[in-house]
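Participant: Each chain, letter by letter, is given below.
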Amino acid sequence: MNRPLIKALIAIALFCFLMSPPCARAQASDSSKQLERIAALISENRIDDAERQLNLILTTTPNNSLALNLLGTIRAKQQRLDDAEALFSRAVALDKEFLGAHMNLAYLYLIKGAPDKTISELREVLRLDPSNPDVSYKLAHLLLSQDRIDECIALIEEQKRPQPLPVPLIVVLGDAYSKRGDVSRAEENYLQALNQQSTNASALLGLAQLAQRKGDSKNAALYLARAKDSIKDSPDLLYSFARMALNSGMVNEALAALKRAIELKPSESRYYYSYGLAWLQKADLQESELAFREFIKRQPDSSQGQMYLGYVLLKLKKIAEAREWLEKSAQKEAQTPEIFYYLGLIAQEQADYERAEELFEKAVRLEPAFAQAYIALGSTYLKLKDFPRAQTALQTAVKLRPDDSKAHYNLALLFARLKDQQRAQDEMRLVEKLRSAEGQTDNKNEILAPQNSGPK
Amino acid sequence: MKTRFSALLVLFAILNLPVRPQSDTPSGPSKVNAIFTEVSPRASGITWVHNNAHSAERYLPETVGAGCAYLDYDNDGWMDIYLVNSGASDFYIPPAPLENALYHNNHDGTFTDVTDKAAVAGGKFGMGVAAGDYDGDGWQDIYVTNYGGNILYRNNGNGTFTDVTDKAGVAASGWSTCAVWFDYDNDGKLDLFVSGFVFYDKSQKILCTDEIRSSSYYCVPRLFKPRQSFLFRNKGNGTFADVSQESGIASSPGKSFGAVATDVNNDGLMDLFVANDTMPNFLFVNQGGGKFEEMGLPAGVAYNENGKPRSGMGVDAFDYDGDGWQDLFVANIDKEFFSLYHNQKDLTFTDEPGEIAPATHLLSGWGLKFFDYDNDGDADLFLVNGHPDDMIEKRMPTVKYKEPPLLFENTGRSYKNVSAQSGSVFSRQLTGRGMAAGDFDNDGHIDVLIANNGDAPILLRNTVGVHNNWLGLQLIATKSNPAAVGAIITWQAGGVKRTRLKTGGGSYLSSHDPREVLGLGTASKIDQVEIRWPSGKLDKLTNLPINTYIKVVEGEGILKK
Numbered sequence: 404m405n406r407p408l409i410k411a412l413i414a415i416a417l418f419c420f421l422m423s424p425p426c427a428r429a430q431a432s433d434s435s436k437q438l439e440r441i442a443a444l445i446s447e448n449r450i451d452d453a454e455r456q457l458n459l460i461l462t463t464t465p466n467n468s469l470a471l472n473l474l475g476t477i478r479a480k481q482q483r484l485d486d487a488e489a490l491f492s493r494a495v496a497l498d499k500e501f502l503g504a505h506m507n508l509a510y511l512y513l514i515k516g517a518p519d520k521t522i523s524e525l526r527e528v529l530r531l532d533p534s535n536p537d538v539s540y541k542l543a544h545l546l547l548s549q550d551r552i553d554e555c556i557a558l559i560e561e562q563k564r565p566q567p568l569p570v571p572l573i574v575v576l577g578d579a580y581s582k583r584g585d586v587s588r589a590e591e592n593y594l595q596a597l598n599q600q601s602t603n604a605s606a607l608l609g610l611a612q613l614a615q616r617k618g619d620s621k622n623a624a625l626y627l628a629r630a631k632d633s634i635k636d637s638p639d640l641l642y643s644f645a646r647m648a649l650n651s652g653m654v655n656e657a658l659a660a661l662k663r664a665i666e667l668k669p670s671e672s673r674y675y676y677s678y679g680l681a682w683l684q685k686a687d688l689q690e691s692e693l694a695f696r697e698f699i700k701r702q703p704d705s706s707q708g709q710m711y712l713g714y715v716l717l718k719l720k721k722i723a724e725a726r727e728w729l730e731k732s733a734q735k736e737a738q739t740p741e742i743f744y745y746l747g748l749i750a751q752e753q754a755d756y757e758r759a760e761e762l763f764e765k766a767v768r769l770e771p772a773f774a775q776a777y778i779a780l781g782s783t784y785l786k787l788k789d790f791p792r793a794q795t796a797l798q799t800a801v802k803l804r805p806d807d808s809k810a811h812y813n814l815a816l817l818f819a820r821l822k823d824q825q826r827a828q829d830e831m832r833l834v835e836k837l838r839s840a841e842g843q844t845d846n847k848n849e850i851l852a853p854q855n856s857g858p859k
Numbered sequence: 314m315k316t317r318f319s320a321l322l323v324l325f326a327i328l329n330l331p332v333r334p335q336s337d338t339p340s341g342p343s344k345v346n347a348i349f350t351e352v353s354p355r356a357s358g359i360t361w362v363h364n365n366a367h368s369a370e371r372y373l374p375e376t377v378g379a380g381c382a383y384l385d386y387d388n389d390g391w392m393d394i395y396l397v398n399s400g401a402s403d404f405y406i407p408p409a410p411l412e413n414a415l416y417h418n419n420h421d422g423t424f425t426d427v428t429d430k431a432a433v434a435g436g437k438f439g440m441g442v443a444a445g446d447y448d449g450d451g452w453q454d455i456y457v458t459n460y461g462g463n464i465l466y467r468n469n470g471n472g473t474f475t476d477v478t479d480k481a482g483v484a485a486s487g488w489s490t491c492a493v494w495f496d497y498d499n500d501g502k503l504d505l506f507v508s509g510f511v512f513y514d515k516s517q518k519i520l521c522t523d524e525i526r527s528s529s530y531y532c533v534p535r536l537f538k539p540r541q542s543f544l545f546r547n548k549g550n551g552t553f554a555d556v557s558q559e560s561g562i563a564s565s566p567g568k569s570f571g572a573v574a575t576d577v578n579n580d581g582l583m584d585l586f587v588a589n590d591t592m593p594n595f596l597f598v599n600q601g602g603g604k605f606e607e608m609g610l611p612a613g614v615a616y617n618e619n620g621k622p623r624s625g626m627g628v629d630a631f632d633y634d635g636d637g638w639q640d641l642f643v644a645n646i647d648k649e650f651f652s653l654y655h656n657q658k659d660l661t662f663t664d665e666p667g668e669i670a671p672a673t674h675l676l677s678g679w680g681l682k683f684f685d686y687d688n689d690g691d692a693d694l695f696l697v698n699g700h701p702d703d704m705i706e707k708r709m710p711t712v713k714y715k716e717p718p719l720l721f722e723n724t725g726r727s728y729k730n731v732s733a734q735s736g737s738v739f740s741r742q743l744t745g746r747g748m749a750a751g752d753f754d755n756d757g758h759i760d761v762l763i764a765n766n767g768d769a770p771i772l773l774r775n776t777v778g779v780h781n782n783w784l785g786l787q788l789i790a791t792k793s794n795p796a797a798v799g800a801i802i803t804w805q806a807g808g809v810k811r812t813r814l815k816t817g818g819g820s821y822l823s824s825h826d827p828r829e830v831l832g833l834g835t836a837s838k839i840d841q842v843e844i845r846w847p848s849g850k851l852d853k854l855t856n857l858p859i860n861t862y863i864k865v866v867e868g869e870g871i872l873k874k
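So the protein lines, in turn, are chains A and B. According to the working numbering, the first sequence is numbered sequentially starting from 404. According to the working numbering, the second sequence is numbered sequentially starting from 314.
Simulated from the structure, these hints should not be mistaken for lab results.
Capping the alpha-carbon separation at 16 Å, the derived lysine to aspartate or glutamate pairs in EDC-like fashion look like this: (1) B/621 <-> A/835; (2) B/538 <-> B/514; (3) B/621 <-> A/806.
In this text the structure is predicted, and so the values were computed from the model without any measurement.
Work out the full structure: start from the sequences and follow the hints.
Facilitator: What follows is the structure, encoded as structure tokens:
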């Protein structure tokens, strides 16, 4: 259950009641003071008292929409979401213009994982209060998150007509165009947002992302640097910043941003996921392990989380536990080649070369361009003394990745065992040359999935 | 309105109450049965302390030493102790002369410093030690490796030694690290392998500085050029011939730290496994006729699985799984993992460290030895650790400068980390370097000596208790090399037959008790012991006592007291 959203819902319900226009409460003028007292009781968490008094009101006036709405907030607080939904629905059925109840329904549907229903309730709210920029923003944001890009753009473009757009909406419009692939209009909107608010971090991050997409790493880094100073206390912006920083190879900045985001919002699982990936890029396996363990605590069924935790444990040679997580992940990710590759590496570690061969074969069947799996397959054949097949697999790997030092090392090993000293030495010379260009990381190209995507 | 807003604020406050953190189940302290117990300097009398000559400039030799040895220099049947110290060099002038130390075993758990009387103080910037009877006179001699020329001390047989380095011709200029006595040509005399480290001297002015912190740290040896190792053939007249070139050893310059002599292909010729720092390891396979072929690459022991050389330091060899083939072990620096190379019986190896790998991921390993601490018949593994750079924690907080030693129990095909249950020393943070195994109290349980860099050595008494039986052998060669390196000992007890090859060297800069303790498990008698000597002679021994040491003379059997 999404606790923060429930909290928000209750707060909004109360807020909607308290702030609702006098006309909405006119029918209940006699009981309005009583309802205010009940709202106060809810705020003091004196739920039993509040409910008793609401029941008294509803006994005499069962169609009191305000009372129904407040009772709905109590049910939501009690995690009785279906009951809450029924009460809010009755309230809006009785009073179609009851903005607060529509808003509560919108939030409730979000909690229940029904974003389409949320969207339709927010549209109702917007119909009742067309000039509410906050609701426009929420609706546009939700439409975008649901990939309903055209609707999002249409909504915001419509809002432009009566009055100039507020900055947050301009940024969402930029995001929507960016997501649609319309770089120039996205850029136009981000720049417009920056004209009005030069430190707007979301716009700066949007521009950084566009620059990354254009391969303009210099400008991407500049925008990220500007954004960095403006996002100190917004966990979501810190998270977005970190993901883009990772794309730009700014691992230290990404780590710092994610660390801060986690401090600000420790319940957010995806921060730990990105944190784990960032530490992996930094080749700090211990920290990566800790981050993925935190992620898995929060999302135990995430197959990608299981896969990455398994991978990190494999690199730390905690073989038995790595195997457990990877096998769990494989049950849900039967088409993910890396999992079978990692399981193959585990079989190799356990000297079960026949099993390793099966797993690597499966990995390359799923992804015929998976060079690392071909290298592992070649290395397995070397251990099985099947030199012709080792050579074929390793040469396939070299075709796929001519500059992979590990492939050339295994070829050197093969030629040395075939007593072809000259070719072995040639391969080793190449390995040394490639190694100095590659740096010290041993784990390159072992992760196929786009690391910047969110967890599944 | 005020009331309404107050209510709203209160509600927000309530709703944002932090979630109570889940507490982990508290775990109580685990019960520790000490297998190794520290003998304090006060109790042992070993008050000598290593001086690493630590300087602000951080010259590399400061962090490399030093080694230690168990040897019986006076043939009284009790293991004495030798410890190596730093000394004068081109980058260091000690305020007072520094000395190596020879401690005589008083047979009661105490030792007496006899360095000056024995005249084995060294005086150079010491690294390691290898004890061996090079002249076959029945008295163990001492070879000390140094930064700046090595020393051979000939045992005079009367408690004193004579420096015979120049006469013997084994000085091996430059910076030497470990030394191994073994008989590469099976002529019955002990030859000498000496590891060469890097080309280094103060005039190179290679210092490593952290610009951010404006401080020096110990340079990674990658910055220095490798140098050749040496092989000296014992001519049998008190002198040696430098056969480094003709044997093929000099063709592979390295940055060698550890070496062990063993027979990886069971051809009766001793091979050498040499660990190199930041370079591929060497496996010098003895081809006979005085030649070695370096086969580290095809054997799969030169690089890690990605083709990257590591920082090899300590090494050892043993047939840990009892399949009749010698396996190899090499300790590396942190994050490189230590390797347990399983012999595939065709001059190739596969790295199968099992539980050792995760346990050593953040450690840097130096002294190490396979030995049977509990006399159950198989070889366990003792590892001594410590990071070479005293500034490491500033750059890598997860890696520590001082590190604990580890003990692994042999479970048949792999190893289990039993450090946490084996004594408080395994939770001590040490600057471990050298490590020697030997039974200093003659109770049949092998003890350990740890040499710490810039600190006092640690003497560990094996207090595993009397659970298993044992038989100790002192091999006295008549035709084979005096150390009987290369002898194959087979023993049968309680229906279990075991075989052990007597290796030469192993660990880091250190030298071990030359006797062999055969673990019998719970068997109350030993059915038979066979010794196949390097000369080819076979001694079959029956009607043997247990829980005592015996002397076995090549071709003659048990020496009667």
